[in-house]
Amino acid sequence: MTEQIDKALAREYEAGFVSDVESETFEPGLNEDVIRRISGMKGEPEWMLEWRLGAFREWLEMEEPEWALVDYPKIDFQSISYYSAPKSMKDKPKSLDEVDPELLRTYEKLGIPLIEQQMLAGIAVDAVFDSVSVVTTFREKLEEAGVIFCPISEAVHKYPDLVKKYIGSVVPKKDNYYAALNCAVFTDGSFVYIPKGTRCPMELSTYFRINEQNTGQFERTLIVADEGSHVSYLEGCTAPQRDENQLHAAVVELVALDNAEIKYSTVQNWYPGDENGKGGIYNFVTKRGICHTNAKISWTQVETGSSVTWKYPSCILKGDNSVGEFYSVALTRGRQQADTGTKMIHLGKNTKSTIISKGISAGRSNNSYRGLVRMNPGAEGARNFTQCDSLLIGDQCGAHTFPYVESRNPSAIVEHEATTSKVSDEQMFLCRQRGLDPEKAVSMIVNGFCKEVFKELPMEFAVEAGKLLEISLEGSVG
Amino acid sequence: MSEWLESAITRAQGIHDWLAPKRAHALDLLAKTKWPTRKTEAWRYTPLRPVERTPAKMISDKVDLSPVAIADLSAIELVFVNGQFDPAQLANTLPEGLSIALGGDLESAQQADALNTFSTIKPERHIFGLVNDALAQDVVVVSVAEGVEIIQPIRISSLLSPGAESHTRVQVSLAAGSRLTVIEDVQAQGDSFNTAFVEYNVGTNARLEHYRFALQTGSNVAIGGSHFNLHDHAKMNSTIVGFGSELSRLDTDIIHAGEFADAKLNAMYLLDGKELFDLHATVEHAMPNGKTEENVRCIVADRSRAVFNGRIHIHRDAQKTLAELNNRNLLLSDKAEINTKPELEIYADDVKCAHGATVAQIDKQALYYLQTRGVSRSKAQVMLNFGFINELIDLMPNAALAEWIRPIIRERFAQMEVK
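Chains A and B are the protein sequences, given in the same order. By the numbering used here, the letter at position 121 of the first sequence is numbered 121, and the numbering carries on one by one without gaps. Every position in the second sequence, counted from 1, becomes a number in the numbering used here once 1000 is added.
Where hints are given, some of them may not hold.
[Claimed, not checked] Restraint-style ranges between C-beta atoms, simulated for each label pair: (1) A:SER424 - B:ALA1145: 42 to 48 Å; (2) A:ASP71 - B:ASN1116: 32 to 38 Å; (3) B:ARG1316 - A:ARG432: 26 to 32 Å; (4) B:ILE1408 - A:GLN387: 49 to 55 Å; (5) B:PRO1087 - A:SER424: 54 to 60 Å; (6) A:GLN387 - B:ARG1316: 22 to 28 Å; (7) A:GLU27 - B:LYS1352: 50 to 56 Å.
[As the list claims (entries may be wrong)] Some chain B residues close to chain A (C-beta under 7 Å, calculated; not the full set): (8) ASP1334; (9) GLY1356; (10) ALA1357; (11) SER1376.
[Stated by the list, open to error] Straight-line distance between alpha carbons at most 30 Å, and here's what the computed DSBU-like set of lysine-lysine pairs gives: (12) A:LYS343 - B:LYS1335; (13) A:LYS422 - B:LYS1039; (14) A:LYS467 - B:LYS1057; (15) A:LYS174 - B:LYS1291; (16) B:LYS1364 - B:LYS1039; (17) A:LYS352 - A:LYS173; (18) B:LYS1291 - A:LYS173; (19) A:LYS422 - B:LYS1034; (20) A:LYS451 - B:LYS1320; (21) B:LYS1039 - A:LYS318; (22) B:LYS1352 - A:LYS455; (23) A:LYS352 - B:LYS1039; (24) A:LYS318 - A:LYS455; (25) A:LYS343 - B:LYS1235; (26) A:LYS158 - B:LYS1364; (27) B:LYS1352 - A:LYS451; (28) A:LYS343 - B:LYS1057; (29) A:LYS343 - B:LYS1039; (30) B:LYS1364 - A:LYS422; (31) A:LYS440 - A:LYS165; (32) A:LYS165 - A:LYS455; (33) A:LYS165 - A:LYS349; (34) A:LYS343 - B:LYS1274; (35) B:LYS1320 - A:LYS174; (36) B:LYS1039 - A:LYS74; (37) B:LYS1235 - A:LYS422; (38) B:LYS1057 - B:LYS1039.
Think of the hints as simulated: they come from the structure by calculation, not from any bench. A virtual CB, placed ideally from N, CA and C, is assigned to each residue, including glycine.
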């Protein structure tokens, strides 16, 4: 058994290659000048710069949060470079043929279906390579439907009214330490606007990737679904293998106006560090959506990467009858630490939320679910159901559950349940008896354990997620 | 740091007795402890303003108070009045194998033992536990000899006259194979402030039956703790009944320090008016094969607020642990509030742990059913509330206590309904 675990631990990070692309990177350091430079590089209007500087000043006053069950050395924010753009981006490619082939090869290795597969899969990808959006495909097709899908830096110029109206409306500038930092230094990200009554003709997807050494990635995503519209958005993340830790502090804001629906799916596979916990991404992300009347936001996440994860995709159920969902699979191994969960804030009448969280810990990792369900006095007839299950593989890991339930409305109903167990000997015995080797058996059991979440993912993603889990679990039989 | 705490520290510096080293240590820690605010996790939902503005003062004059009688209980009474142990109310002859004495009166060997175990079970993180370490005037030590079963329950009562401040502390130790029942009871009158802590050392194969009643209401601040250390094969069964006051906070810590220990905790609290009750129940499974079962039920009416934090921590070595926590809450009014947080922190893989928490209101269909049978709405409400709590009362091992508490709870529900 130990041998198998050792083998699994020794498994190399498959996306851990470094692309040799010339890039333009700022000197490490953070001050108002750096922010002015970032803003200047993007040619941003004055209001945007002011907004950034405002956030930066708030950030200076704030303290790093310490309540999460994660342990990492203090981050030196002055040793990070806050801007990195591939040099060849100076003249933006007009089509895929003009894209640096090295870049395309990187994506290919990651298995992003950027070209033909793309057409077949019908996915439009806004690929973020370090900090600048490289290429956005299928834009015309989306434009036909009236859907706006572009880098947020472009949206600032082209759709300033929309950006101005919604940016920071869900995650305020001084919401938390990392969100404030993101507001000050965000370099790029995606902007999506779905017009009234439109069903987005294809699934939208962004692939983030941190490439440059010593850079932080601070992307910002803003999705606005206007009344009665529908969109499904996919996000995948990978980073190269490096010895030092890299910081990723993103902000995602979702706005679902009346009767709109947003489905946001993430497969996060940042570099988790080596078996001794050296290197890896610090993934400190703020994701939040607001639901107006009858609207629905659904978060689905599969988290297998990052050395430290601090992430709580949340829903503010402001409108009556609105619905929030959170489906999560978080797998940690090696010395990974994940503190993740959700917040469901029920404000409107008859609002409903569902939370399904599956945590799997292996190796010497720690995996925590931390969630909040709040029923405000106005949440007449609101309903929540939460289920958190943890699975432990090996006796050196930890699985934790910290749910906060706050109810101030007698007609609201909150239900929470959590269980922790290991892959049982009986289950293993049954599978072995049927001729499955231990590895397959564990993989099958874990897959079954996560099924409730996987079925919420779009098909292509579900396959990828299943595979990712299988690779991550290789040999962790206990 | 608050003014209140500063004055408490100054007062404590004037105390010099057999506990001097422990008191000095507590003061040391207190000096380093930040006064809890809303950002302090352990006090997130329980603001300490009532402590800061409490008018309560130490009363050194002797006051005649005695605890309310409980029919058929025939307990050995251990009484504190305004923080001072009243030896006159203690029975002249105690059953063989039981000793109850002031720590200061113990023989030197026993005193050394008591000193060594003092404040080793109660966790140091509790700021008012430290206050109690430093300020408890009369520390009483209760011990049961090896293999002895004490049939009569011991009832520890802390009585407070209006505006009184008191800090009481009892150390209970059950030697191997012994059996004991302890009832903790605080009866406070208006504007008082008390901290009441008891530490239990439950020896190998020993059994402890424990009750804690916090039935004072009104403008009192009541902060307390019952802390248990379980050795191999030790068993404990604890029942907590709480009504709220201006601020009531109770911490229970159960440490599985030996293998095959078994702990049961049933807690219920019923809040009305503007009361607040905060229960923090922590279970530490440090050794393998332990078992814990917790049931916590809570009803909040009017503008009251209930806080529950149920933490189960399974350490790396505590394989084969079974731990379960069930928390159910009924919210009766739209001004009332429930904040609950069941926590699991697990570092061992071969364990079975689960917790569940629900917040809801009385089943409308059940209410309707009773009304169709001619029961008035308010009576039906009382019946259903009572039924919800009675399931836990039925689990109380001591019949006399269950008989005593039932009408008190029924009366409480009737009062809730009148409003």
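Okay, the hints, checked on the actual structure:
1. A:SER424 - B:ALA1145: 42 to 48 Å: This hint holds: roughly 44 Å between Cβ atoms.
2. A:ASP71 - B:ASN1116: 32 to 38 Å: Holds, at about 33 Å.
3. B:ARG1316 - A:ARG432: 26 to 32 Å: With Cβ atoms ~28 Å apart, the hint holds.
4. B:ILE1408 - A:GLN387: 49 to 55 Å: At roughly 37 Å between Cβ atoms, A:GLN387 and B:ILE1408 fall outside 49 to 55 Å, so the hint is violated.
5. B:PRO1087 - A:SER424: 54 to 60 Å: holds (57 Å)
6. A:GLN387 - B:ARG1316: 22 to 28 Å: holds (26 Å)
7. A:GLU27 - B:LYS1352: 50 to 56 Å: holds (54 Å)
8. ASP1334: Check passed: Cβ of B:ASP1334 comes within 6 Å of chain A, closer than 7 Å.
9. GLY1356: holds (4 Å)
10. ALA1357: It holds, given that the least Cβ distance between B:ALA1357 and chain A is near 4 Å, below 7 Å.
11. SER1376: The hint is violated - B:SER1376 has no Cβ within 7 Å of chain A, the shortest such distance being about 20 Å.
12. A:LYS343 - B:LYS1335: Satisfied, since the Cα-Cα distance of roughly 22 Å is no more than 30 Å.
13. A:LYS422 - B:LYS1039: violated (35 Å)
14. A:LYS467 - B:LYS1057: At roughly 67 Å apart (the allowed maximum being 30 Å), B:LYS1057 and A:LYS467 break the hint.
15. A:LYS174 - B:LYS1291: Violated. A:LYS174 to B:LYS1291 sits at ~45 Å, over the 30 Å cutoff.
16. B:LYS1364 - B:LYS1039: violated (37 Å)
17. A:LYS352 - A:LYS173: Within the cut-off at roughly 28 Å; holds.
18. B:LYS1291 - A:LYS173: Distance of about 47 Å is beyond 30 Å: violated.
19. A:LYS422 - B:LYS1034: It is violated: about 39 Å lies between the C-alpha atoms, which goes past 30 Å.
20. A:LYS451 - B:LYS1320: holds (27 Å)
21. B:LYS1039 - A:LYS318: Cα-Cα ~26 Å, so holds.
22. B:LYS1352 - A:LYS455: holds (27 Å)
23. A:LYS352 - B:LYS1039: holds (29 Å)
24. A:LYS318 - A:LYS455: holds (27 Å)
25. A:LYS343 - B:LYS1235: Violated, at about 39 Å.
26. A:LYS158 - B:LYS1364: The given pair, whose Cα atoms are some 55 Å apart, is violated under the 30 Å limit.
27. B:LYS1352 - A:LYS451: holds (21 Å)
28. A:LYS343 - B:LYS1057: violated (44 Å)
29. A:LYS343 - B:LYS1039: holds (18 Å)
30. B:LYS1364 - A:LYS422: violated (39 Å)
31. A:LYS440 - A:LYS165: Answer violated: A:LYS440 to A:LYS165 is near 51 Å, above 30 Å.
32. A:LYS165 - A:LYS455: Answer violated: A:LYS165 to A:LYS455 is near 35 Å, above 30 Å.
33. A:LYS165 - A:LYS349: holds (26 Å)
34. A:LYS343 - B:LYS1274: Roughly 28 Å between the alpha carbons, so the hint for A:LYS343 and B:LYS1274 holds.
35. B:LYS1320 - A:LYS174: violated (45 Å)
36. B:LYS1039 - A:LYS74: Distance ~21 Å between B:LYS1039 and A:LYS74 Cα, so the pair holds.
37. B:LYS1235 - A:LYS422: It holds: about 27 Å lies between the C-alpha atoms, which stays within 30 Å.
38. B:LYS1057 - B:LYS1039: Given pair B:LYS1057, B:LYS1039 holds - Cα atoms ~29 Å apart, limit 30 Å.
Violated hints, listed in ascending order, are 4, 11, 13, 14, 15, 16, 18, 19, 25, 26, 28, 30, 31, 32 and 35; each of the other numbered hints is respected by the structure.
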